[in-house]
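Construct the entire structure; sequences and hints are all you get.
Line order of the protein sequences matches chains A and B.
The opening position of the first sequence corresponds to residue 1 in full-length UniProt numbering, with each subsequent residue numbered one higher.
The opening position of the second sequence corresponds to residue 1 in full-length UniProt numbering, with each subsequent residue numbered one higher.
No lab work stands behind these hints: they were computed from the structure.
Honestly, I wouldn't trust all of these hints.
Pairs involving identical chains hold if they fit within one copy or between any two copies, as the list cannot separate such chains.
Claimed, not checked - Here are the computed lysine-lysine pairs in the BS3-like style, where the Cα-Cα straight-line distance is at most 27 Å:
(1) K47 with K6
(2) K37 with K47
(3) K37 with K11
(4) K37 with K6
(5) K11 with K47
(6) K10 with K50
(7) K50 with K37
(8) K37 with K55
(9) K47 with K4
(10) K50 with K11
(11) K37 with K4
(12) K37 with K10
Number of protein chains: 2
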Amino acid sequence: MKNKIKAIRKKLGITQEQLAEDCGVVRQTINCIENNKYDPTLELAFKLSKTLNVKVDELFIYE
Amino acid sequence: MKNKIKAIRKKLGITQEQLAEDCGVVRQTINCIENNKYDPTLELAFKLSKTLNVKVDELFIYE
DNA sequence: TTATTATGTCCAAAGTTCTTGACATATTCA
DNA sequence: TGAATATGTCAAGAACTTTGGACATAATAA
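Spelled out as structure tokens, the structure:
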């Protein structure tokens, strides 16, 4: 599963650290997800979507 | 996190077993998710959405 | 250049999801 | 009513996500 987190985060001008804080996780978690080490939980996917102002269906690309 | 899986599944007239097969998981997994024992992984959330013909953002209610 | 900030990566532990196998109850139907 | 199908639940273990701490490199700014 791919995602647009890094691109949207940069467009918003925030760091991995800031995004992590907003979502209640640590920086490494954001880093791993952006670099496709693993997918977030559904709950974190929703938090990321909310913080980045996009739908889950837009933020993640399934297939 | 709540979801509309049971309602949509029944509207489509399929069993937990059939939905499970379509999504590549076992029946207990569907049962647990419908009854809020735990949330699905993001990947399974997308599979469920695809099978039930709704967006992830519609199928799951965050907050 | 030097200091600071941001990002990438590693490891082990803790927590969550999913499976397998099984059994109980509920629902449907002949 | 009895048989078959559907749903609910349990427990142990495998697989995956997240954390905390640490260190390396990259990028930015003074």
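Each hint tested on the structure:
For the homomeric pair K47 and K6, the shortest alpha-carbon distances inside one copy (15 Å) and between copies (24 Å) are both at most 27 Å. In this homomeric assembly, K37 and K47 come within 27 Å of each other (Cα to Cα) both inside a single copy, at 19 Å, and across copies, at 20 Å. In the homo-oligomer, the alpha carbons of K37 and K11 lie at most 27 Å apart inside one protomer (22 Å), although the nearest pairing across protomers, at 37 Å, exceeds that limit. For a Cα distance limit of 27 Å, the shortest separation of K37 from K6 inside one copy, 14 Å, qualifies, whereas the shortest one across copies, 32 Å, does not.
In the homo-oligomer, the alpha carbons of K11 and K47 lie at most 27 Å apart inside one protomer (18 Å), although the nearest pairing across protomers, at 29 Å, exceeds that limit. Taking identical chains as interchangeable, the C-alpha atoms of K10 and K50 lie at most 27 Å apart only when both belong to the same chain, with a minimum of 16 Å there against 30 Å between chains. With identical chains, the CA atoms of K50 and K37 are at most 27 Å apart both within one copy (22 Å) and between copies (24 Å). For a Cα distance limit of 27 Å, the shortest separation of K37 from K55 qualifies both inside one copy, at 22 Å, and across copies, at 25 Å.
Proximity of K47 to K4 under the C-alpha cut-off of 27 Å is found in both arrangements, the shortest distances being 14 Å within a copy and 19 Å between copies. Within a single copy, K50 and K11 get their C-alpha atoms as close as 15 Å, which meets the 27 Å cut-off; across copies the closest is 29 Å, which misses it. In the homo-oligomer, the alpha carbons of K37 and K4 lie at most 27 Å apart inside one protomer (14 Å), although the nearest pairing across protomers, at 30 Å, exceeds that limit. Within a single copy, K37 and K10 get their C-alpha atoms as close as 19 Å, which meets the 27 Å cut-off; across copies the closest is 36 Å, which misses it.
Of the hints listed earlier, there is not a single one the structure fails to meet.
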